[in-house]
Amino acid sequence: MFRNNYDNDSVTFSPQGRIFQVEYASEAVKQGSVVVGIVSKTHAVLVALKRNAEELSSYQKKIIAIDEHLGLSLAGLASDARVLSNFMKQQSLSSRLTYGRAIPLERLVSAIGDRAQTNTQHYGKRPYGVGLLVAGVDETGPHLFEFQPSGMTQEMIACAIGARSQMARTYLERNLEKFADSSKEELVIHGLRALKESLAQDKELTVENCSVGVVGVRAEGMKTIEGFRLYDGQDVKQWVDLVADGTEEGGAGETMEVDT
Amino acid sequence: MNHLPQAWGRPRDDYYGAYDASYFQSNGPNQHTQQPIVTGTSVVALKFKDGVVIAADNLASYGSLARFTDVKRLRTFADTSVVGFGGDVSDMQYLDRLLNSLDTEEAYTSSGHTLNARNLHIYLSKVLYKRRSDFNPLWNQVLVAGLDEEKKPFLASADLLGTTFSAPSLATGFGAHLAQPLLRKVAPDEEAAATLSKEQALEAVKESMKVLFYRDARSMDKYSIAVVTKEGIDLKENEKLENQSWAFADQIRGYGTQVN
Amino acid sequence: MTSIGTGYDLTNSVFSPDGRNFQVEYAVKAVENGGTSIGIRCKDGVVLAVEKVITSKLLKPGANKRIATIDRHMGVVSSGLVPDGRHFVSRARDEAASWRQVYKTPITTKDLASRMGGYLQAYTLYSSVRPFGITAIVAGWDSEVELPVDGEVGSGPSIGSGGKVEGKKFGGPALYMIEPSGLYWGYYGAATGKGRQSAKAELEKLDLASGNLSLQDGVKEAAKIIYIAHADNKDKEFELEMTWISNLDGPTKGRHEEVPKDILEEAERLAKKELEGDEDEEETKEEDKPADGDKMEE
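Chains as they are written, first to last, in UniProt numbering: chain A, 1 to 260; chain B, 1 to 260; chain C, 1 to 298.
I should point out that these hints are in silico values taken from the structure, not numbers from a laboratory. As the structure is a prediction and not an experimental result, all values here were calculated from the model. A hint or two may mislead.
As the list claims (entries may be wrong) - With a cut-off of at most 27 Å between alpha-carbon atoms, the simulated DSS-like pairs for lysine-lysine come out as follows:
| no. | chain 1 | residue 1 | chain 2 | residue 2 |
| --- | --- | --- | --- | --- |
| 1 | C | Lys164 | C | Lys253 |
| 2 | C | Lys224 | A | Lys41 |
| 3 | C | Lys65 | C | Lys224 |
| 4 | C | Lys169 | A | Lys184 |
| 5 | A | Lys223 | C | Lys43 |
Turn these sequences into a full structure, and let the hints steer you where they fit.
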């Protein structure tokens, strides 16, 4: 039944010092639909591809607002994400109540990282089967963090996780230099393009299957924030139309203009 | 002799009467602190255009006894805020250690996150309110002086009930009656405080300390004074009141040998 | 490997017939794959450095710190599983804070190492947990002056000794390394992670036991050693992160802080220069090689 003797639980090291259960948990992240996050000097955006179980069913929620200043997107087990996001909501509120301060992102992300680590070191627990991208702003500006089932958390400039996300990451790596000075709209467009790279062949981006989350500061270095806002349905049409087939690369004027 | 082991080492019943077991009772009403023991008197503070001046004398009284004469009642936080403590000195020490550990926790990450004076004041007021709600108050009134998130002067008070208050000038204890009117003359409102120079504020606070020494029997002429600005904290802990004049003293009924 | 297939290596806390706990040994394997960490105990401070291998271009440069502050005067770096390292750090912070609550004074580095050694050892005792997949290097500067009690408000009686002992020696630099088994030793120079062999070789050249190396020079040596240790892993890019703790008269005033950017960059520049120098030497050696080779064959 098992692939080897060392992958039964998360309290057993393999002879190479690996913990297979944790590695398998990160496979669960790859089962989820793709989500992308990008950060600039002023904004952090999340872009997600939603899936529906069947033609007539609703679409799975992929982006969750946590507090005025941050939100997250998930890939993997949605119920695990809900446990973590509820915890994050509590922590955020507690910071606002005790100190009158929006919780620093790094601290919040570390807190869920520490929780996830515990699940990898004690028998009878299992690692979380979800990856998260956490986007938000705090005292030190906009941030994007990646969370993995191992408890690893890393601050990123851009990131994509979920099914076929390698294609999206390749897009992000190719355009890495542009992000810092991008406007909010440009970030969303880049996010959607990255998302599009990861799409299965017969799929395309529609207002039904796209979610966008945006948060930022009004200007670089400023304290007043544009609170986290979630865009769904017709609200994402403005951006989805811009990356639809045919208008490809048109806006940014990139490589495809060979024939003209 | 009573040979029962449970009687060994106990006062003899036949001699002392049966032991009154009601002394053992651990249920029933529980009594916490009813009054402060070793106390500090007034703290006075005044905002000016670039920051806040705050002062408190160096005396800790045991009832009417001037018990400790080198007690520093202005405590600094993270080189950005000053907390002035009136009331019980041991509770002050407890709060000081609490702030110390908070400061250490804040310093874990070096990336620009700090608690400003407003955050600190909210935190202290929650601690004080929690304790009063447990019917176990920390017997202090504190003034928090520093800068808020916009780097504007911040001054607020919190007391053993968790009551909070903010004004351009504040004073605790006797100071609330004797010093506050003098300070209000200098800075009747926020606008007036915003035009005060550091020198004017210092003079007003020092004058208040002098009046307090004249009229408050639990005060002394050695005091600490701090100026909090963007540049940091300038704390002097061994100042002495200058230019005292006791010419008015023999006018006071009950002073010296004159009794009525 | 004699361990595999025996069944003795499948559960933590189980001894093999020859008295080994294989799960702990496997945890050490996790450490040996991690980026190199080092610590150097200098005469007027301690320095910590770590090689952060860049796993993705998308990572934010300069973020994702791997050296953590435990108490104001103490830092920790670890090699191995990063989340385990964070667990270690959070426990160490709790230990330092609870020490302060009991004793009203900062924990000494030695005591912290002892507490954490005990903690890691406990994770080798039960089948319900796994050992830590990290080796941690703890650096601290225990204050060289007698500290006031936390929360102290006065200076005590103005006459008499007040319990103070004239000329008593306090504190100084301290460096400890704690392994997954819970074993720990004090070190002059400590290294762990993938490049530990070459790092150790370099540390041994420094004659740290004589206590002559200054903190400023220690920073340069630390940068150089990380660069040398990385040479075996050249295909991957890395970031150098360094922190230090000086004495009260030094640049950090007894606090654990990041090495300032200009000093770090200068140390990196010197490290790169030295490394290039070495390569030049190697090239010249290669030119001489035929002759050497002839001799060898004799």
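Right, here's what the structure says about each hint:
no. : hint                     : in the structure
1   : Lys164(C) with Lys253(C) : 23 Å, holds
2   : Lys224(C) with Lys41(A)  : 33 Å, violated
3   : Lys65(C) with Lys224(C)  : 20 Å, holds
4   : Lys169(C) with Lys184(A) : 60 Å, violated
5   : Lys223(A) with Lys43(C)  : 44 Å, violated
When each numbered hint is compared with the structure, violations occur for hints 2, 4 and 5.
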